[in-house]
Amino acid sequence: MAATAAEVRTNVGTKTKVKVKPPPGGARKWVAVAFLIPALVLLGAIVIYPTVDTIVQSFQNDDRTATVGLQNYETVVKRDSTLAAIKNNAIWVLTAPAIITGLGLIFAILTERVRYSTAIKIIVFMPMAISFLATGVIWRVMYDDSTELGFINAGIRGATNMVGAGAGPYPTAEALPDAPLQKAEGGAVVTKDAFEAGDVAHLGLVGLTEADLPEEAVQAAEPQAGQGLGVVVWRDFTPGGGEPGVVDQGELGMPGATVEVLNADGQVVTSTTTGADGSAVIEDLEGGGPFKTRLAASNFDQGFTGIEWLGSALVTPAIIGAFSWMWAGFAVVVIGAGLAALPRDVLEAARVDGANEWQTFRHVTLPLLAPVLGVVFVTLIINVLKLFDIVFVMAPGSVQDEANVIALDMYKTSFTAFRYGLGSAIAVLLFLLVIPVMIMNIRRFRREG
Amino acid sequence: MTERRRYLIWGMFLALVMVLSACAGGDIEEGGDDGGDTEGGEAIQVAAVWTGEEQASFEAVLDAFTEETGIDATYKSTGDDVGAFLGTQIEGGNPPDVAMLPQPGLLRDLAADGSLKEVGEEAAQGLEDNYAPVWTELGSQDGTLYGVYFKAASKSTWWYNTSVFEQAGVEAPSDWDEMLETAQTVNSSGTPWVSMGGADGWTLTDWFENIYVRTAGPEMYDQLANHEIPWTDESVITALETFGELVGDESNLAGGTSGALQTDFTTSVTQVFSDPPEAATVYEGDFVAGVITGETGAEAGTDFDFFDFPSIDGSEPAAISGGDVAVALTDSESAQELLTFLTTPEAAQAWAERGGFISPNESMDTAVYPDDNTRQIAEALLSAEVIRFDMSDLQPAEFGGTVGKGLFLRFQDFLKNPDDPEAIAKALEEDAAAAFKE
Chain A
1 MAATAAEVRT
11 NVGTKTKVKV
21 KPPPGGARKW
31 VAVAFLIPAL
41 VLLGAIVIYP
51 TVDTIVQSFQ
61 NDDRTATVGL
71 QNYETVVKRD
81 STLAAIKNNA
91 IWVLTAPAII
101 TGLGLIFAIL
111 TERVRYSTAI
121 KIIVFMPMAI
131 SFLATGVIWR
141 VMYDDSTELG
151 FINAGIRGAT
161 NMVGAGAGPY
171 PTAEALPDAP
181 LQKAEGGAVV
191 TKDAFEAGDV
201 AHLGLVGLTE
211 ADLPEEAVQA
221 AEPQAGQGLG
231 VVVWRDFTPG
241 GGEPGVVDQG
251 ELGMPGATVE
261 VLNADGQVVT
271 STTTGADGSA
281 VIEDLEGGGP
291 FKTRLAASNF
301 DQGFTGIEWL
311 GSALVTPAII
321 GAFSWMWAGF
331 AVVVIGAGLA
341 ALPRDVLEAA
351 RVDGANEWQT
361 FRHVTLPLLA
371 PVLGVVFVTL
381 IINVLKLFDI
391 VFVMAPGSVQ
401 DEANVIALDM
411 YKTSFTAFRY
421 GLGSAIAVLL
431 FLLVIPVMIM
441 NIRRFRREG
Chain B
1 MTERRRYLIW
11 GMFLALVMVL
21 SACAGGDIEE
31 GGDDGGDTEG
41 GEAIQVAAVW
51 TGEEQASFEA
61 VLDAFTEETG
71 IDATYKSTGD
81 DVGAFLGTQI
91 EGGNPPDVAM
101 LPQPGLLRDL
111 AADGSLKEVG
121 EEAAQGLEDN
131 YAPVWTELGS
141 QDGTLYGVYF
151 KAASKSTWWY
161 NTSVFEQAGV
171 EAPSDWDEML
181 ETAQTVNSSG
191 TPWVSMGGAD
201 GWTLTDWFEN
211 IYVRTAGPEM
221 YDQLANHEIP
231 WTDESVITAL
241 ETFGELVGDE
251 SNLAGGTSGA
261 LQTDFTTSVT
271 QVFSDPPEAA
281 TVYEGDFVAG
291 VITGETGAEA
301 GTDFDFFDFP
311 SIDGSEPAAI
321 SGGDVAVALT
331 DSESAQELLT
341 FLTTPEAAQA
351 WAERGGFISP
361 NESMDTAVYP
371 DDNTRQIAEA
381 LLSAEVIRFD
391 MSDLQPAEFG
401 GTVGKGLFLR
411 FQDFLKNPDD
421 PEAIAKALEE
431 DAAAAFKE
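Residue numbers (the working numbering), protein chains in the order written: chain A, 1 to 449; chain B, 1 to 438.
In isolation and in its complexed conformation, chain A is listed as follows (with noise of 0.2 angstroms):
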């Protein structure tokens, strides 16, 4: 350094063609220090005295009163919340990079060949201008449970309702445990009581409100049943709960049920549908019966209730999913740069001597473009090594433990535990995985300056 800034000095004074006499050695050698002191006093302040403190800290108690040896790392190492952490960052260093890299290359290699890739670019791009948190809270909208409210949710649901997969017409409604109903397979509800030509078979259901009923629902009745077997179903509650099994004033019919009727075999002999009180008779019966009437599944079906992305099963996918939208542009970007850089007499060469565009790809192309895909997933592992806010922000916290990942327990062990010592051997840990990555990227550095 003193060398350097001394030469740059010379060659600036020669060119101007102003004498300026070297300054003695000790003179030179001083003014670099003083030129160093305030980076060096920062760079001590806020970077080597934390480290070095922090390493301390780890071999002591909470509150720094005795030194506990290796006891932090034990208890680290035995620690279910660490070991997920680490696994977790184990799967993020494994996908992330990979899966961001790969997207970035093949969205700058199809941008390349479009008019408006630049337009393109900045729209991939756009994501990488917004904080981790505001991503976090964007995508914990996305991926919310319910159709209404989760975006990704609310367009599986359309879709399984175009492909008619969609919910019957009354999906909460069920039979209150002690009416003679029972549940069949398939979620159907069944009468216990067999019935002849001539009865009214009740099928009186819960569990769903007056608004939940269609329209054209009215007052509930009971069909007159003649010669044929007569049903009806209802909503089952009047304020309070009402008498259950009977159709009480107030309560209205549900119109649109599809009622099967059995025979004695449970062979499924004919069906209907209920008017707008509730009612419906089945006039041809063949054979006297007995009968049981059945509400077909049908008419629970839930459709789709939606996936539980952040659940503990898919939460940390789901994160990389949302980490990658905002990291791809990065990718596409970096990528895409190198590869307007490519020497164009090399792929014209390639394409010249006969090979295909795969072939120029993967033999030309991509390793050209490998020092520049380096230095995109080297990037990519330190950001996913010290990942912490979007983890933060987007796990609910009844799935934080299945999502932790290694920064997140430190930043919960020491400033919400206040278990600085146990906190500060976390610490230590995610350095110690992190110098690898840093030895890596320097050498590289080093290769190409």
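Among these hints, one or two may not hold up.
[Unchecked claim] With a cut-off of at most 30 angstroms between alpha-carbon atoms, the simulated DSS-like pairs for lysine-lysine come out as follows:
#	chain 1	residue 1	chain 2	residue 2
1	B	Lys426	A	Lys78
2	A	Lys386	A	Lys87
3	B	Lys76	A	Lys78
[Stated by the list, open to error] Every beta carbon over 10 angstroms from chain B, so not counted as near; a handful from chain A, in silico:
#	residue
4	Pro38
5	Ala39
6	Gln224
7	Val378
[What the hints assert, rightly or not] Have a look at the derived ranges for each label pair, beta carbon to beta carbon:
#	chain 1	residue 1	chain 2	residue 2	range
8	A	Pro239	B	Thr69	53 to 61 angstroms
9	B	Glu53	A	Gly158	41 to 49 angstroms
10	B	Phe436	A	Ile55	36 to 44 angstroms
11	A	Gly155	B	Glu219	51 to 59 angstroms
12	B	Glu379	A	Ile55	53 to 61 angstroms
13	A	Lys192	B	Thr162	31 to 39 angstroms
14	A	Tyr116	B	Glu166	58 to 66 angstroms
15	B	Glu53	A	Leu36	47 to 55 angstroms
16	B	Glu122	A	Leu149	53 to 61 angstroms
17	A	Glu243	B	Thr162	18 to 26 angstroms
18	B	Lys416	A	Thr160	36 to 44 angstroms
By construction, these hints were calculated from the structure, which means they are not laboratory data.
Ideal Cβ placement from N, Cα and C applies to all residues, glycine included.
Since the structure of chain A is provided, determine the placement of chain B on it from the hints.
Coordinates of chain B only, in the frame set by chain A:
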């Protein structure tokens, strides 16, 4: 603070003492190392966590104090972390004269450090005259009275959507079994009974505390809070089983079990008042009222109301509570005068009539509360036979206050699978043992 500056301050202080005692003409008081008692007394500094509207209300209380005694009291905000703020001030040798502590654990820690001054006789008398004895106990540590509770909070209020209750034709239940029956009826009416903010573990600890203090009683509650009995104790299992009677039936919960685990506290409140309502009721503390009025269009009395957390198997009226306790950090006599003033109904009234405040002071006329809800909460708190603080606040933070650990995590596990209380109790005991080790 440098050594030299400390000497300088002490020098000035001594000079002041000499001048003042000269003025007082030899009228030396007991323990008079804190300056003389001129007319009106020396000015004091009062620190509390409140800002904005709450700060203005507390300053109104301080103004009333100044009017009454002639002592100037200046307010100083501590920021969110009262413990850290007071810690540095005490370390620096210049604490505020009086501080309002928002957590009971803080009183315990500061008293153990020797940073708190004992409450004087007059204030103790004021407490005895105007407060239920429990507040003296709560403000004491190892038999010494250190704090005067000024502002109280209830965590035993169960809020409901009145129109859902109307449509289901039910009334607010008064005991646990009645609550379970009411829940069945409300479920039948088509709206799930209760909305639970299970994504936030602290809401579940409040559930457990309310159940435990009712099933196991206040003595066991204290023992469990101090970890004198293990979490594997039969009483814990009983409380969990009782809790399981509610959460074990998924149809009681808005969104079922998985929905409850994904719902944060604020949503758990707002979804009770959405259209259509996702649930009939939500249990949490008195602050729910603020969330309802702030986040939804619902109005107190007409759209929402509350009932007290129901009694279980005939348990006496109990409340899980919190509050802000005033403590003296210096020997200043004015500080003691302020503590005495805070025990008076006048002090309580100065804030109560401005709203957003519940006083544990029994002598204050509850008619001064600006709305019915606040009045009912206050009356429920005053009539509670048993008052206990939030247990999780009294635990080491790693066990009682960390997301994804200890109590928060285990109660979430319980909500996920309420069938095995023994396993949960065992896991809780392991966590507690680790956290209490030091």
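For each hint, the structure was consulted:
About 18 angstroms separates the Cα atoms of Lys426 (chain B) and Lys78 (chain A), which keeps this hinted pair within 30 angstroms; it holds. Distance restraint check for Lys386 (chain A) and Lys87 (chain A): the Cα-Cα separation of roughly 14 angstroms lies within the 30 angstroms cut-off, and the hinted pair is therefore satisfied. With a C-alpha separation of about 45 angstroms, the suggested pairing of Lys76 (chain B) with Lys78 (chain A) is violated against the 30 angstroms cut-off. No Cβ of chain B approaches the Cβ of Pro38 (chain A) within 10 angstroms, the least distance being about 25 angstroms, so the stated non-interface status holds.
With 10 angstroms as the threshold on Cβ separation, the claim that Ala39 (chain A) sits away from chain B holds: the shortest Cβ distance comes to roughly 28 angstroms. Distance check on Gln224 (chain A): its Cβ is at least 29 angstroms (rounded) from any Cβ of chain B, clearing the 10 angstroms threshold; non-interface status holds. Remark: the non-interface label on Val378 (chain A) is consistent with the geometry, its nearest Cβ contact in chain B lying 30 angstroms away (cut-off 10 angstroms). A beta carbon spacing of about 57 angstroms between Pro239 (chain A) and Thr69 (chain B) agrees with the range 53 to 61 angstroms that was offered as a hint.
Taking 41 to 49 angstroms as the suggested C-beta distance range, the pair Glu53 (chain B) and Gly158 (chain A) conforms, at roughly 45 angstroms. For the pair Phe436 (chain B) and Ile55 (chain A), the supplied restraint of 36 to 44 angstroms is violated, since their beta-carbon distance comes to about 28 angstroms. Taking the beta carbon of each, Gly155 (chain A) and Glu219 (chain B) are about 55 angstroms apart, inside 51 to 59 angstroms as hinted. Checked against the given bound of 53 to 61 angstroms, the beta carbons of Glu379 (chain B) and Ile55 (chain A), roughly 57 angstroms apart, stay inside it.
Between Lys192 (chain A) and Thr162 (chain B) the Cβ separation comes to about 37 angstroms, which falls inside the hinted range of 31 to 39 angstroms. Separation of Tyr116 (chain A) from Glu166 (chain B) is about 59 angstroms and conforms to the stated range, judged on CB atoms against 58 to 66 angstroms. The hint said 47 to 55 angstroms for the Cβ distance between Glu53 (chain B) and Leu36 (chain A), and at roughly 52 angstroms that hint holds. Judged by the Cβ atoms, the range 53 to 61 angstroms given for Glu122 (chain B) and Leu149 (chain A) holds: they are separated by roughly 57 angstroms.
Between Glu243 (chain A) and Thr162 (chain B) the CB atoms are about 25 angstroms apart, so this pair conforms to the stated range of 18 to 26 angstroms. The hint said 36 to 44 angstroms for the Cβ distance between Lys416 (chain B) and Thr160 (chain A), and at roughly 27 angstroms that hint is violated.
Hints 3, 10 and 18, counting from the list given before, are not met by this structure.
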